[in-house]
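I would like the entire structure built from these sequences, with the hints used as guidance.
Protein chains in written order, with my numbering: chain A, 1 to 210; chain B, 1 to 210; chain C, 1 to 210; chain D, 1 to 210; chain E, 1 to 210; chain F, 1 to 210.
In case anyone wonders, no lab produced these hints; they're calculated from the structure.
If chains are identical, the list can't say which one is meant, so a pair holds when it fits in one copy or spans any two.
With a straight-line Cα cutoff of 25 angstroms, these simulated SDA-like cross-link-like pairs (lysine to any residue) come out: (1) K56 - L141; (2) K183 - G19; (3) K56 - R21; (4) K56 - N188; (5) K56 - V189; (6) K206 - I139; (7) K199 - G155; (8) K30 - H153; (9) K56 - V150; (10) K30 - F51; (11) K199 - D140; (12) K56 - C68; (13) K56 - D142.
Protein chains: 6
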Amino acid sequence: MMRQSLYSAAVCDALDALGLRRQSPRLPLKPLTTSGVLVGRCRTTLWANIFHEDPKPYELELVAVDSCQPDDVVVAAAGGSMHSGVWGELLSTAARNRGCVGVIVDGAIRDIAAMRAMSFPAFARGTCVYDSRDRQRVIDLDVIVEIDGVRFHPGELVIADEDGVVVVPKGVETEAIRRAWDKVHAENVVRDEIRGGTKASDVFRKYGIL
Amino acid sequence: MMRQSLYSAAVCDALDALGLRRQSPRLPLKPLTTSGVLVGRCRTTLWANIFHEDPKPYELELVAVDSCQPDDVVVAAAGGSMHSGVWGELLSTAARNRGCVGVIVDGAIRDIAAMRAMSFPAFARGTCVYDSRDRQRVIDLDVIVEIDGVRFHPGELVIADEDGVVVVPKGVETEAIRRAWDKVHAENVVRDEIRGGTKASDVFRKYGIL
Amino acid sequence: MMRQSLYSAAVCDALDALGLRRQSPRLPLKPLTTSGVLVGRCRTTLWANIFHEDPKPYELELVAVDSCQPDDVVVAAAGGSMHSGVWGELLSTAARNRGCVGVIVDGAIRDIAAMRAMSFPAFARGTCVYDSRDRQRVIDLDVIVEIDGVRFHPGELVIADEDGVVVVPKGVETEAIRRAWDKVHAENVVRDEIRGGTKASDVFRKYGIL
Amino acid sequence: MMRQSLYSAAVCDALDALGLRRQSPRLPLKPLTTSGVLVGRCRTTLWANIFHEDPKPYELELVAVDSCQPDDVVVAAAGGSMHSGVWGELLSTAARNRGCVGVIVDGAIRDIAAMRAMSFPAFARGTCVYDSRDRQRVIDLDVIVEIDGVRFHPGELVIADEDGVVVVPKGVETEAIRRAWDKVHAENVVRDEIRGGTKASDVFRKYGIL
Amino acid sequence: MMRQSLYSAAVCDALDALGLRRQSPRLPLKPLTTSGVLVGRCRTTLWANIFHEDPKPYELELVAVDSCQPDDVVVAAAGGSMHSGVWGELLSTAARNRGCVGVIVDGAIRDIAAMRAMSFPAFARGTCVYDSRDRQRVIDLDVIVEIDGVRFHPGELVIADEDGVVVVPKGVETEAIRRAWDKVHAENVVRDEIRGGTKASDVFRKYGIL
Amino acid sequence: MMRQSLYSAAVCDALDALGLRRQSPRLPLKPLTTSGVLVGRCRTTLWANIFHEDPKPYELELVAVDSCQPDDVVVAAAGGSMHSGVWGELLSTAARNRGCVGVIVDGAIRDIAAMRAMSFPAFARGTCVYDSRDRQRVIDLDVIVEIDGVRFHPGELVIADEDGVVVVPKGVETEAIRRAWDKVHAENVVRDEIRGGTKASDVFRKYGIL
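Laid out in structure tokens, this is it:
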């Protein structure tokens with residue numbers, strides 16, 4: 001149900017209200033394959049560029065996808081690197097098998113058309129046609145990662161849509177969702193009043209939100 | 001009628017011919033919610049990033065939307081800041097109530113999906129999920145603003161589509177539109193001749209346009 | 001037939017296997033007008049920004065489009081310049097007349113809507129509404145050009161889609177296509193096994209590809 | 001005394017140890033006029049770009065410099081704007097009269113040679129020869145500002161040298177300085193041991209610092 | 001005499017007063033070899049990146065340096081390209097022989113140490129160790145060029161120092177220099193008053209300059 | 001002796017002549033602590049950003065410095081990251097003890113003043129005051145690394161000065177140095193002729209170099 005009603009901006013506003021004002025990377029992490037809202041729990045991977053023959057190609061990527069849990073969102077912290085497409089159709093297929101619901105890549109992906117055809121949500125900085133082999137590799141799994149200075153802890157709730165990506169710290173999760181829920185409803189009221197012809201300034205004075 | 005026939009490139013070429021060669025920002029101000037051409041008059045707002053609690057949140061934003069006139073295009077000169085989403089569904093709703101036909105933001109917007117659902121044209125550098133409260137604010141209304149060095153005066157005609165955003169100085173407006181109109185028709189002739197098999201070089205020699 | 005089955009990532013992997021690991025620019029050269037895969041042979045043009053009245057406007061552009069051969073893809077190496085829209089509807093029309101199948105521009109294009117209406121594939125860094133006249137011009141035709149350090153020789157095979165742009169050196173063309181073909185089929189097998197529930201790590205161990 | 005012995009890296013390490021790991025902007029704010037370490041208390045100014053005739057030119061700049069206190073470091077948060085040189089010789093002269101010891105500008109300055117001649121420390125992103133009049137203005141004084149996401153509160157201790165700029169939150173100031181002091185001395189010991197020929201790994205194992 | 005007393009900021013302020021507010025590129029064009037102020041007349045060269053074997057290497061560069069006139073400042077408009085070092089010791093030597101007093105490169109130079117040793121003023125975006133042969137070439141001489149949107153006409157007066165580069169249109173040259181001269185003297189008065197303890201706000205109220 | 005006479009541009013030209021035209025990163029890797037030419041053999045380290053508590057802080061950094069050999073130049077491939085200062089005074093001291101002659105960092109360093117005081121050559125993208133602990137770490141030693149697409153193999157000769165950084169592949173080392181040597185002498189002849197008043201174009205026609 002939450003999946004139908006929440007969206008990134010409402011959750012972000014709820015976190016603002018809780019004093020957590022830095023929970024969304026200010027980066028174009030675009031939904032390249034699907035529309036709609038992606039909601040799940042962070043499965044974190046930390047990536048590095050490499051330039052030599054990888055003695056163990058894809059090693060931790062494979063561990064990551066094969067050990068995904070239902071509702072996992074793979075978070076690939078690649079520091080914005082466009083060195084290769086670190087995620088593609090085969091990883092999507094394998095991850096989905098284990099219940100993974102999408103991927104957020106601070107870097108590049110490939111096989112866009114195929115992932116779109118399978119309706120697998122993939123948010124990324126862009127695309128790169130190069131295979132990641134001997135170009136990038138996962139150097140750590142299930143550790144705290146950062147994207148644009150925003151920290152993503154393993155297991156935290158993450159919401160992503162066209163507006164952006166928001167991560168919810170564990171300790172405030174219930175409260176944040178409750179408030180986001182309230183915000184969604186309050187905005188509906190505000191919108192209806194404005195639509196009815198009330199001035200935005202009057203509505204803001206009355207409800208205190210915008 | 002003008003709305004059906006004009007597009008940014010034709011107007012830009014007309015301005016070129018009038019010696020006004022710097023009337024379009026060289027920036028990706030993309031139509032994030034609608035397709036088609038946005039035509040209207042500049043309602044200018046100047047924005048600044050802030051980092052403290054705003055004593056008067058949304059103050060001038062609210063004035064701006066509540067005082068919109070028919071055919072206004074809100075121009076938000078935010079210097080390309082992605083610090084927050086300065087425009088969203090509620091401002092769109094309020095502005096449209098007063099006749100505003102769209103918004104051009106040199107910065108970020110949010111509530112993309114909702115604005116698309118209401119067919120409100122919004123051109124922007126991108127999206128940001130953060131509320132603008134205590135992050136950005138309007139510091140001046142109805143002043144000359146610049147986007148990428150191009151000056152937008154209050155009341156000037158602005159044309160925006162997928163190709164770009166063009167602003168027409170008051171003094172040459174009638175002449176520019178007349179010439180744009182001619183250019184559109186001349187291009188139709190040229191295109192038809194080329195389609196008919198004439199070489200581009202021959203057509204250019206004959207008509208002097210491309 | 002090749003057109004139906006090849007895509008940029010498969011060709012890129014084939015080139016990797018042949019030791020040619022730098023055949024795709026790491027740049028967002030996006031398909032702005034069509035979807036699908038563009039395949040053809042490089043017709044190279046080298047562009048420069050200019051700031052004075054061009055004594056011979058469009059001179060080499062016109063030569064380029066009027067001398068296109070069937071299957072040509074015009075490659076416009078403009079160094080990422082957004083100074084003007086160097087390609088548009090009229091050039092597309094003229095080039096297509098001679099058999100040109102698309103254009104790849106490391107720079108800006110305009111008339112997006114018109115080129116989309118005519119289904120002319122155009123890959124570019126973005127759009128710019130300015131006419132190229134007295135802003136950019138072709139300074140050389142049919143020479144080796146570079147985009148992001150990747151060399152494009154006249155006549156080389158180029159494949160472009162949503163994932164990226166890949167150029168195939170003449171000497172390895174047959175072999176690269178053969179291997180790409182094999183890769184496509186091998187990936188189909190791998191994908192089916194993963195879909196069937198086999199772990200990605202097991203599949204990679206078995207087939208050695210991902 | 002503190003002025004002679006402290007430097008930015010030692011203070012930054014002390015703040016790290018206190019769990020405050022984001023107290024230095026990751027930006028090239030270079031000492032353009034002097035060498036050595038600048039130490040003082042933040043006098044914050046928030047700047048915005050403008051494009052119209054300023055009805056009250058230099059208004060808050062003048063208030064800022066004329067109300068400086070001994071040991072003030074003017075912090076000009078201009079968001080990295082290079083729109084004009086917001087600080088120069090005359091402001092330096094006026095500010096120094098009131099006891100100001102230097103300026104840190106997240107933007108551009110001018111009159112470099114003159115400020116160097118008067119030994120006035122100025123850290124900035126670079127230079128710009130344009131007067132700030134009708135180009136940038138102070139929109140707020142003595143408010144919290146941010147440079148690259150790092151918050152500078154009025155009155156906080158700031159240390160700047162060739163390595164970078166570090167700001168010390170009020171609550172931990174005494175403790176941070178004490179620890180920085182200890183760190184300086186510990187590093188002296190470590191350096192001497194390494195110089196004496198001990199391996200870095202052995203020294204790190206022994207002292208736990210590097 | 002003008003050489004001793006003028007500097008870029010004073011000239012820029014004079015041009016501002018004449019309504020010419022865009023006569024300096026907002027780019028880090030740094031004096032890499034000398035200190036002091038460079039004053040001369042623009043000898044313009046327009047550059048393009050190339051990627052093939054140049055049939056006539058250095059052709060127009062050689063023409064440019066061998067035809068320099070006394071007081072010429074070679075202006076190399078290379079669009080900020082760092083593709084090679086387009087200027088170095090040998091060109092400096094040849095150009096100086098003909099009276100050239102310095103070079104301003106919107107791009108890269110090399111042989112910094114040698115040019116410093118010969119006290120040849122070179123302003124540039126930075127350095128690049130590659131020879132320009134088969135990498136960049138002059139495509140036009142003595143034409144209007146632009147650096148960051150600022151137009152440099154052949155023969156115009158140019159002033160460059162650590163603060164920036166300013167170009168003076170022919171038509172206002174005498175007036176601009178006269179006003180710059182006045183500005184230098186007015187600033188001396190203002191500075192002395194401020195040094196004497198008068199508040200900056202009082203001085204600005206009295207003299208109207210800052 | 002080679003140390004006295006070689007410089008980066010001459011070696012780069014020699015490599016050009018051998019058909020190796022991509023041996024220098026086009027990046028501002030500036031000598032932040034010394035002047036003069038750094039010559040040595042690449043000791044490569046590959047770095048990654050991290051965001052969690054490093055279980056083995058400084059592990060491979062310490063191995064790297066403690067195992068340096070005479071004439072080693074530590075090459076730190078950090079992908080341009082400014083996340084922390086990965087090199088500083090203590091590592092310099094330890095590395096020099098083992099014979100290391102300098103460091104080239106595609107990223108940030110700190111303790112600039114101290115390294116300058118000890119005359120330790122350090123080339124870097126810039127400075128960052130943060131300790132690298134829990135921010136960046138070496139993930140591989142003695143592997144091929146890339147800086148801006150240029151490959152640095154362990155043990156290869158590297159030359160760095162104010163103009164740039166050049167790396168010489170093993171197979172052509174002797175020949176490249178011989179040719180660089182010749183180039184230095186040929187340039188001396190050319191320079192002297194130009195100084196003597198011969199036109200640059202005549203000299204180029206005669207000697208074929210510039």
